[in-house]
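**Q** Listed below, chain by chain, are the residues.
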Amino acid sequence: MLNPIILIYGTKIFMETFAMTFVFAGLLATMQMCRKDNKINEYALHAAVAIAIVGASFAKSTTIGIMAVMIYAMYAFFANKKKLGGIIMSAAVSAGIILAIPFLTEFPNAYFKLYMEDFFIKRFDKNIWFNNLVSVIGAIIHLVPAYIIGWSKVDIKKWKNKFLLLWIAPLLIIALKTPYVWYAYYFILPLSIVALAGINMDKLDIAVIAALIIAGIGTFAFANYMHVNKTTELKTIEYISENVSNDSCVLYAGAITPMIYSYLEHNGYNFNIALSNVLWRNGTETVLDANLTNEQLNKLVHNYTNANFINKLSEKKYLFSEWNSMSDEIRFITENDNCTMFDYAIITDYYKKHRVDGYRLVYSDKQITVWKKMQGEGVG
Amino acid sequence: MCLKSNAMLWLALAALAVYSFIVAFVYGSNLWFIGDEGYYSISIYEAINNGPNLYITFLDKPAFWKPFLMVDAYALMAQLWNWALPPTISYRLCSAIFSAINVGLVYQISRNFVDEKKLS
Chain A
1 MLNPIILIYG
11 TKIFMETFAM
21 TFVFAGLLAT
31 MQMCRKDNKI
41 NEYALHAAVA
51 IAIVGASFAK
61 STTIGIMAVM
71 IYAMYAFFAN
81 KKKLGGIIMS
91 AAVSAGIILA
101 IPFLTEFPNA
111 YFKLYMEDFF
121 IKRFDKNIWF
131 NNLVSVIGAI
141 IHLVPAYIIG
151 WSKVDIKKWK
161 NKFLLLWIAP
171 LLIIALKTPY
181 VWYAYYFILP
191 LSIVALAGIN
201 MDKLDIAVIA
211 ALIIAGIGTF
221 AFANYMHVNK
231 TTELKTIEYI
241 SENVSNDSCV
251 LYAGAITPMI
261 YSYLEHNGYN
271 FNIALSNVLW
281 RNGTETVLDA
291 NLTNEQLNKL
301 VHNYTNANFI
311 NKLSEKKYLF
321 SEWNSMSDEI
331 RFITENDNCT
341 MFDYAIITDY
351 YKKHRVDGYR
361 LVYSDKQITV
371 WKKMQGEGVG
Chain B
1 MCLKSNAMLW
11 LALAALAVYS
21 FIVAFVYGSN
31 LWFIGDEGYY
41 SISIYEAINN
51 GPNLYITFLD
61 KPAFWKPFLM
71 VDAYALMAQL
81 WNWALPPTIS
91 YRLCSAIFSA
101 INVGLVYQIS
111 RNFVDEKKLS
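Residue numbers (my numbering), protein chains in the order written: chain A, 1 to 380; chain B, 1 to 120.
Honestly, I wouldn't trust all of these hints.
For lysine-lysine, the following DSS-like pairs were computed, each having C-alpha atoms within a straight-line distance of at most 30 Å [claimed, not checked]: (1) B/K61 <-> A/K299; (2) A/K153 <-> A/K235; (3) A/K153 <-> A/K81; (4) B/K61 <-> A/K160; (5) A/K235 <-> A/K203.
Because the hints were derived from the structure by calculation, they are not lab data.
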């Protein structure tokens, strides 16, 4: 039986895809609403726009919902100013729904904190910002030949071209703050439409553009393949399956790698998990800083139940990403009381540089180390 | 203009198809999780097991690092298709379906902009 977790991948791009389905559907409804010969019921179109805004907000984030409102309002402004009021009304209704949803849960404060996080989060980390900026540029660079050819003939006086260029404005603010690669997805459409209108379709243009696009995406696929080849999860699972029996007590600390978690969970391992806030702050292997000290890690391994870190699971009503904090707290500790004296400690990336006293290193890879308790110290 | 531009759109879609083929060919049986991907995978897995909610969960604890809709939609669709399809397909179909919907929406939006007659 395949473990479902390992089948659920590509979740991040699914999130963008799902959110953009709402954004695009709302834009089509707005375009239809603004047509002078529109024959579709206006209330239905207003409802569609409101649903699109709510959907985009809850599919990914309120930032994307606000981006949708800005795009629809800009379109109405250029195409048919009389419809601007309708867009604002739809946005107001959707805002009411978005503000009401948290009160249907037990955690309205956490929900509002989540809404605010998207706007005021401090993610400007010099280590990852430049890498991300390069990846955003990299994601659209294979289209540059088409853009250069197309944009040179664009009539900027036409309102539709003005709109398409302004579409990018809210994205630039987001991109400057958090230039994650998936935001390129939001840039490509307006930039490409502007270019399409200006391209002459003689055979040479088509051949050159097609060759460059295919070469670009081929390069991407190769780069991604090389990246994937570096993953250490499968190798670590292989080591665990061959060397760690499932009646062992295992500590799994650091950034959670779901394939390892999934392997432990579905093969009946006795284990506990400890995660730190660094995980939430960065979430990628490119980050260099770790704020759990060697001493704290040892305290965690040797005295798990009394490791005096603040936010133990039992004391928390819910989990939240403490992106701004750089404290030494462990943000998440599971409480499997049957496993507190660890035979093995699987330590993932951020703590990898630390040593565990009384344990010997039995496996080491780029991001993961496995430590085994030395004999003579007893096991739990 | 319309025909030429539509041809360019088809060209772009063909390039995307080639890209998809290359990715599928290259990745093959490799599975990978990068950064937050894995946390969402676990949340979706829990939504499949525990049913939809107005917030996501992580290791059965309410978690507030993303809204609920993506996780719930993925879980509900995967469960729905799981009745008739093997999990290797049903768990991936959600992404494929919404990608296909987006291709249609992008095509329609682009056509409206490129064809002068489509806009008022």
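**Q** Could you run down the list of hints and mark each one as holding or not?
**A** Each hint, compared with the structure:
{"no.": "1", "hint": "B/K61 <-> A/K299", "in the structure": "holds (25 Å)"}
{"no.": "2", "hint": "A/K153 <-> A/K235", "in the structure": "violated (53 Å)"}
{"no.": "3", "hint": "A/K153 <-> A/K81", "in the structure": "holds (28 Å)"}
{"no.": "4", "hint": "B/K61 <-> A/K160", "in the structure": "violated (47 Å)"}
{"no.": "5", "hint": "A/K235 <-> A/K203", "in the structure": "violated (49 Å)"}
Consistency note: the structure conflicts with the earlier hints numbered 2, 4, 5.
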